[in-house]
Amino acid sequence: MANTDAIIGWKTITFGCHVMEPGSSVKFRTGDWRSQRPVIDKEKCIKCGICWIYCPDMAYIQTEDGFFEVNLEYCKGCGICAHECPKNAITIVPEEG
Amino acid sequence: MAKRVGIEVSIALAEAVKLANVDVIPAYPITPQTHIVEHLSEVIANGEVDAEFVPVESEHAAMSCCCGSSAAGARTFTSSSSQGLLLMSEILFIPGPMRFPIVMAVVNRALSAPISIWNDHQDIMSQRDIGWIQTFADTGQEAFDLTLHAFRVAEDRRVSLPMIVNIDGFTLSHVVEAVELLSQEEVDQYLPPFKPRYRLDPRKPITMGPVGIPEVYSEAKVAHNEALKASRRVILQGWKEFADLFGRQYNPIETYRSEDAEVLLVTMGSISETAMTAIDTMRDKGQKAGLVKIRLWRPFPGPEFRKAAGKAKILAVVDRCLPPGAICGPVGAELRSLFYKVPGSPKIFNFIAGLGGRDVTVERFEEMVDKATAFAKKRPKELYEVIGVREK
Ligand code: SF4
Ligand code: SF4
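Protein chains in written order, with the working numbering: chain A, 4 to 100; chain B, 195 to 586.
Just so you know, the hints here were simulated from the structure itself, not pulled from any lab data. Positions of the beta carbon are idealized from the N, C-alpha and C atoms, including for glycine. Errors might be hidden in some of the hints.
If you want the footprint, here are the derived chain B segments under chain A, 3+ residues with CB under 8 angstroms [claimed, not checked]: (1) 282 to 293; (2) 410 to 422; (3) 520 to 533.
What follows is a list of derived Cβ distance ranges for each label pair [to be verified]: (4) B/266 with A/35: 32 to 42 angstroms; (5) B/438 with A/35: 54 to 64 angstroms; (6) B/411 with A/75: 25 to 35 angstroms; (7) A/22 with B/536: 35 to 45 angstroms; (8) A/48 with B/424: 53 to 63 angstroms; (9) B/323 with A/35: 30 to 40 angstroms; (10) A/82 with B/420: 51 to 61 angstroms; (11) A/82 with B/232: 49 to 59 angstroms; (12) A/25 with B/196: 16 to 26 angstroms; (13) A/22 with B/323: 23 to 33 angstroms; (14) B/306 with A/59: 20 to 30 angstroms.
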């Protein structure tokens, strides 16, 4: 969490609390609170992209070979991708430590 | 040129909205507000004003739609009453902090149960803390003038806050009065086009309504509250310019024969008209009674009220709302706070009157003044009394 104490007061907060910068949600690391993560079995994966479509935090990225990878900065571990994968190629495993 | 006509007050108010060249009206009908939006839907259908009328499925949707259209930069109006205002409640708290200058006419009506379509102030008092600027009209002329003033103030870039004009249901909304309707040229002179500070625009995207995490929520709330308090200057300026152009001067607190008064009645809304007659009657009898009317309810004009109360020894404060289990009515409580421990402050007694359309007559006002005078000598058990209620 950013140290807002140091930067925002009621006089300096934006008008109407609007966020004036588009696309700023990339700054919000939704992976912060993850307690489990998806692990993909490339043997089973058919590169359909269902996981990429369903992920609520757009954490999936397609790599050059057509497979999908998770960006753990944003993956919050909700498990939706594992639930939706038609090939059961995704397993949710607990985060260690 | 302005023209003086006999007109139903609801229609006069709707004419003000039309003359304000409104862009969007999302509305849902409810008694006694219906005539206002009915008339506006007609003038839009007739092509008299280039606006969008959105016949929404509920008041909750009406206010949601108002927020969206105001965010997109459209001059937005709606109107509601009673249960309808309560159905809006969830959304009513949103345009204030988000700085959407929506204008709404609230045609005050009692709340169920029991079912009542008649007038009192329970609806707006239940929504007192929604963070809108709120004024009260006593007459048809005021309803017309204050509506134009509301657009002017709400949309001023220094303010950018939603604003309510309250008019009493039936006793004001449905009566035919002589009202001087301003011409389009006159209104255009007073009310500039709406130019919002920010609006939703795909070419310049911004986010409105993000989450307020604990680190910024307090700051956001204080920023809104300070903006509401600071709107006072623009409210006064809006009234002054109105007076300069059209000759009718409005003030946050109005007085009637109050200069040397020992007892002051305090009222809000159309019963003030009857209260003035009561003051005349009492003055004729030699009683030193006067009247103070609250026109601006939020932000509350504390300094102006203190000045208006002058050297009066007793305030007989009328509330049109009975908050169950409270120490006294909302206006009574406001004034007790205002004067608490202020040296030389008046004794304050609170009367709940005119609930659910019960008439408040000249005699009732005289009774309040007499009772307040007696209470000043012998302190009553309760801080308020419900006037005219049958004790049997
Ligand atoms: S677990 Fe949830 S957040 Fe993480 S990649 Fe799967 S769908 Fe996205
Ligand atoms: S949903 Fe399953 S099969 Fe489809 S691309 Fe994602 S991991 Fe592969």
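Hints versus structure:
1. 282 to 293: n = 3 at 8 angstroms, threshold three: holds.
2. 410 to 422: That given contact holds, which follows from 7 residues of the segment 410 to 422 of chain B lying within Cβ reach (below 8 angstroms) of chain A.
3. 520 to 533: violated (count 0)
4. B/266 with A/35: 32 to 42 angstroms: Because 34 angstroms falls inside the window, the suggested range holds.
5. B/438 with A/35: 54 to 64 angstroms: Hint holds: Cβ distance 58 angstroms, inside 54 to 64 angstroms.
6. B/411 with A/75: 25 to 35 angstroms: 29 angstroms, holds
7. A/22 with B/536: 35 to 45 angstroms: Holds, at about 44 angstroms.
8. A/48 with B/424: 53 to 63 angstroms: Holds - the Cβ-Cβ distance for residue 48 of chain A and residue 424 of chain B, about 59 angstroms, lies within 53 to 63 angstroms.
9. B/323 with A/35: 30 to 40 angstroms: 35 angstroms, holds
10. A/82 with B/420: 51 to 61 angstroms: This hint is violated: roughly 44 angstroms between Cβ atoms.
11. A/82 with B/232: 49 to 59 angstroms: 52 angstroms, holds
12. A/25 with B/196: 16 to 26 angstroms: 47 angstroms, violated
13. A/22 with B/323: 23 to 33 angstroms: Because 26 angstroms falls inside the window, the suggested range holds.
14. B/306 with A/59: 20 to 30 angstroms: 41 angstroms, violated
When the structure is compared with the earlier hints, violations turn up for hints 3, 10, 12 and 14 and for no others.
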